[in-house]
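Go ahead and model the full structure; you've got the sequences and the hints to work with.
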Amino acid sequence: MASLNTRSFSELVSEQVTAIQARAEKLLDFSIGSILRSLAESNAGVAMWLQQLIVKLLVTTRAATCSGEDLDSWMADFSFFRLQSVQASGIVTFSRFTPGSEALIKEGAQVTTFDGSQTYSVIPNTLIKEWDAVRAAYVIAPGVSSLAVPVRANIAGTAGNAQAKTVTVITGSVMSVDAVTNNDAFTNGKDAESDDSYRARFVLWIASLSRATKAAIGFAISNLQSGISYTLTENVTPEGEYKPGYFYAVVDDGTGLPAPALLKKAYQAIENTRGFTVSFGVFPPETIKVDVVLMVTTEATANHAEIVNQVRASLNQYLSSLSLGKLLAYTQLVRVAYAASPCVINVTSLTVNGGMADFAVSARQIIRAGKIVVS
Numbered sequence: 001m002a003s004l005n006t007r008s009f010s011e012l013v014s015e016q017v018t019a020i021q022a023r024a025e026k027l028l029d030f031s032i033g034s035i036l037r038s039l040a041e042s043n044a045g046v047a048m049w050l051q052q053l054i055v056k057l058l059v060t061t062r063a064a065t066c067s068g069e070d071l072d073s074w075m076a077d078f079s080f081f082r083l084q085s086v087q088a089s090g091i092v093t094f095s096r097f098t099p100g101s102e103a104l105i106k107e108g109a110q111v112t113t114f115d116g117s118q119t120y121s122v123i124p125n126t127l128i129k130e131w132d133a134v135r136a137a138y139v140i141a142p143g144v145s146s147l148a149v150p151v152r153a154n155i156a157g158t159a160g161n162a163q164a165k166t167v168t169v170i171t172g173s174v175m176s177v178d179a180v181t182n183n184d185a186f187t188n189g190k191d192a193e194s195d196d197s198y199r200a201r202f203v204l205w206i207a208s209l210s211r212a213t214k215a216a217i218g219f220a221i222s223n224l225q226s227g228i229s230y231t232l233t234e235n236v237t238p239e240g241e242y243k244p245g246y247f248y249a250v251v252d253d254g255t256g257l258p259a260p261a262l263l264k265k266a267y268q269a270i271e272n273t274r275g276f277t278v279s280f281g282v283f284p285p286e287t288i289k290v291d292v293v294l295m296v297t298t299e300a301t302a303n304h305a306e307i308v309n310q311v312r313a314s315l316n317q318y319l320s321s322l323s324l325g326k327l328l329a330y331t332q333l334v335r336v337a338y339a340a341s342p343c344v345i346n347v348t349s350l351t352v353n354g355g356m357a358d359f360a361v362s363a364r365q366i367i368r369a370g371k372i373v374v375s
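First residue of the sequence shown? That's 1 in full-length UniProt numbering, and the numbers climb one at a time after it.
Misleading hints may appear alongside valid ones.
[Claimed, not checked] Cross-link-like lysine-lysine pairs, in silico, DSBU-like; alpha carbons within 35 Å at most:
1) K264 x K243
2) K214 x K165
3) K106 x K129
4) K289 x K106
5) K264 x K371
6) K265 x K214
7) K371 x K106
8) K264 x K165
9) K129 x K289
10) K371 x K289
11) K243 x K129
12) K326 x K289
13) K129 x K165
14) K106 x K265
15) K264 x K129
16) K106 x K264
17) K165 x K243
18) K214 x K326
[What the hints assert, rightly or not] Computed Cβ-Cβ distance ranges for the label pairs, DEER-style:
19) T287 x D115: 24 to 34 Å
20) I54 x E234: 50 to 60 Å
21) N43 x S117: 48 to 58 Å
22) T301 x E234: 50 to 60 Å
23) D196 x V334: 51 to 61 Å
24) T237 x T65: 17 to 27 Å
25) D115 x D72: 29 to 39 Å
26) A212 x S173: 47 to 57 Å
27) T277 x D178: 50 to 60 Å
28) T297 x E239: 23 to 33 Å
29) Y246 x S210: 21 to 31 Å
30) S210 x I123: 32 to 42 Å
31) E234 x S8: 53 to 63 Å
Don't read these hints as lab results, they were simulated from the structure. Built from N, CA and C at the ideal position, the CB exists for glycine as well.
What follows is the structure, given as structure tokens:
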């Protein structure tokens, strides 16, 4: 939008005084409290109000300048809506001291952080063999002391991204289960889409209309919710067999274990976008666990144990941020360790799954933290 030729209150008053005096035959009184000064200031006040209304109208009628609800309203004319906030999700481990009998962790069972600020509910996932659809619960078999199950935050947004080992309270009671914890941090909670991202996605949407291209299919997948990552592989099956006219998509929501409902939505989004006679498949990622071992040297005045915990948390967060097919760079882990605290003065003996090199994965795989040992 071109720069508007607006005026300040003092400029409006000054221009009126100049115009009136130029047409008068003698010097007029425009001192504070005079009638002419009051008249000029009254006119300036009305002009400022009208000027502000015009500016606000111009701002709210253009997607490039409006914001918030005004931008939502503008985009709604095209049936294009803002991506809403996403509930954080992750894995918690229920455990017990005496694993003698069977235990059920029912769908909807709730756990909270130690300070009670965030609450999470157990959600079903048919990919986990311990899920019993008939009883709508995960089954801890007799003799088994612990079971890892997925949970989702009750309130959407980044506030649900709990740090590792902070989800430690069982709300209510779960029979024959004594404790709960999250070994890894939750990282996939997202706030509602920002205005800038909303505008940028609108441009991509316009560019993808009536096209069955790779970019259009990718946009259809990314449009499902915030935090989606994906890969598209053409002319080959997931098993590596050459198959012309076929492609497959691997879709993840940041957890490495997307819900079947999300994969179903992705399948439908691709179905609505693909070219005629083109066949495809949608799959969850294959999670590859990596073990990281390293030693850190800290300043003499620092609390070594505390710095070690900070480095471990930073490494876990970095590994959780890797997207599908993303290479784990060996030297990046060194950078993350140094960045964890200014008290880290040296990093040595770093190994990744026992090796000292980059760790690469395929487009169908995603890297997540295994054992992180920092000493």
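Hints and how they fare:
| no. | hint | in the structure |
| --- | --- | --- |
| 1 | K264 x K243 | holds (23 Å) |
| 2 | K214 x K165 | violated (40 Å) |
| 3 | K106 x K129 | holds (15 Å) |
| 4 | K289 x K106 | holds (27 Å) |
| 5 | K264 x K371 | holds (32 Å) |
| 6 | K265 x K214 | holds (18 Å) |
| 7 | K371 x K106 | holds (28 Å) |
| 8 | K264 x K165 | holds (32 Å) |
| 9 | K129 x K289 | holds (19 Å) |
| 10 | K371 x K289 | holds (8 Å) |
| 11 | K243 x K129 | holds (31 Å) |
| 12 | K326 x K289 | holds (13 Å) |
| 13 | K129 x K165 | holds (25 Å) |
| 14 | K106 x K265 | holds (25 Å) |
| 15 | K264 x K129 | holds (20 Å) |
| 16 | K106 x K264 | holds (24 Å) |
| 17 | K165 x K243 | violated (45 Å) |
| 18 | K214 x K326 | holds (19 Å) |
| 19 | T287 x D115: 24 to 34 Å | holds (30 Å) |
| 20 | I54 x E234: 50 to 60 Å | holds (52 Å) |
| 21 | N43 x S117: 48 to 58 Å | holds (55 Å) |
| 22 | T301 x E234: 50 to 60 Å | holds (57 Å) |
| 23 | D196 x V334: 51 to 61 Å | violated (33 Å) |
| 24 | T237 x T65: 17 to 27 Å | violated (48 Å) |
| 25 | D115 x D72: 29 to 39 Å | holds (34 Å) |
| 26 | A212 x S173: 47 to 57 Å | holds (53 Å) |
| 27 | T277 x D178: 50 to 60 Å | holds (56 Å) |
| 28 | T297 x E239: 23 to 33 Å | violated (47 Å) |
| 29 | Y246 x S210: 21 to 31 Å | holds (23 Å) |
| 30 | S210 x I123: 32 to 42 Å | holds (37 Å) |
| 31 | E234 x S8: 53 to 63 Å | holds (60 Å) |
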